[in-house]
Amino acid sequence: MGLTVTHRRAIALDSVDLDFGTGVHGLLGPNGAGKTSLIRVLATVAAPAGGRVELLGQDMTAHRERSRVRRRLGYLPQEFGFYPGFTVREFVAYVAWLKEMPACSVADAVERAVERVGLMDRIDAKVKTLSGGMVRRVGIAQAIVNEPDLLLLDEPTTGLDPEQRVDFRALLREVGTACAVIVSTHLAEDVAAACEQVTLMESGRVAFRGTTAELRELGEATPHDAPDGTVSPIERGYTAALRLHRASSWDPGTAPDTGSGSGSKAGR
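Whatever position you read off the sequence shown (first residue = 1), add 165 for this note's numbering.
There's no promise every hint is true.
Stated by the list, open to error - Calculated cross-link-like contacts (lysine to aspartate or glutamate; reagent style EDC-like; alpha-carbon spacing at most 16 Å):
id: 1; residue 1: 264; residue 2: 230
id: 2; residue 1: 293; residue 2: 265
id: 3; residue 1: 264; residue 2: 314
id: 4; residue 1: 264; residue 2: 312
id: 5; residue 1: 291; residue 2: 255
Said to hold, decoys possible - Simulated restraints, written as ranges between beta carbons of each label pair:
id: 6; residue 1: 343; residue 2: 272; range: 17 to 23 Å
id: 7; residue 1: 298; residue 2: 273; range: 21 to 27 Å
id: 8; residue 1: 215; residue 2: 280; range: 39 to 45 Å
id: 9; residue 1: 298; residue 2: 408; range: 31 to 37 Å
id: 10; residue 1: 385; residue 2: 328; range: 25 to 31 Å
Just so you know, the hints here were simulated from the structure itself, not pulled from any lab data. The beta-carbon is built from N, C-alpha and C at its ideal position, and this holds for glycine as well.
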């Protein structure tokens, strides 16, 4: 059954059917497309109004299963909250404790996660003393400290400088070899650089689903003098897919879907 999410009377997700396996998956779309709503449901932060959610092989209708799955998740929300008085080390360790990681493994796991985001030189600094980009990197560290089987990232490159974004994309590709990574973003270049699969969303529906290469091919078939002025093939593919979606009388059989989905599932 399709996943439906409502906010008051507005429909945020409209009967969405998706299946995510190992690898890096991009959720692309304009603001208000439903990306954050989907990420929040997959993170078990929000409950759907309708449909079925299966995470890591577990049906999320049971509270006990949700608790088990949360220990295997990594999640970075768009608005990342933290305790400013904690040091980086203390905060990431606190999240490891919330994930019920074995106490004997926490210290090494924290240092490994912080090193992967390039903050070892600030590991004992108070989080409140860090720049916005550094705080975002702390958020990424806490999301990967438990070596998650499912990693959910909502606009993760916000606040990162160009060099940090390149490093982050490399980290995504590394992590995606062993788990399912779902990255919500409005930046086509992030998807092009790090993601193997892409789902383009608009107004709570799937406008395109396929590989990044297929979205790029759609862009390459679009004239360079497109009215939106985009130059990158992936950006032209993004805008072309949106135009096709908007032009169609939308139903699940006519959306430009070049991939396959069988229910709202994430992870293996």
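For this structure, which hints from the list above don't hold up?
2
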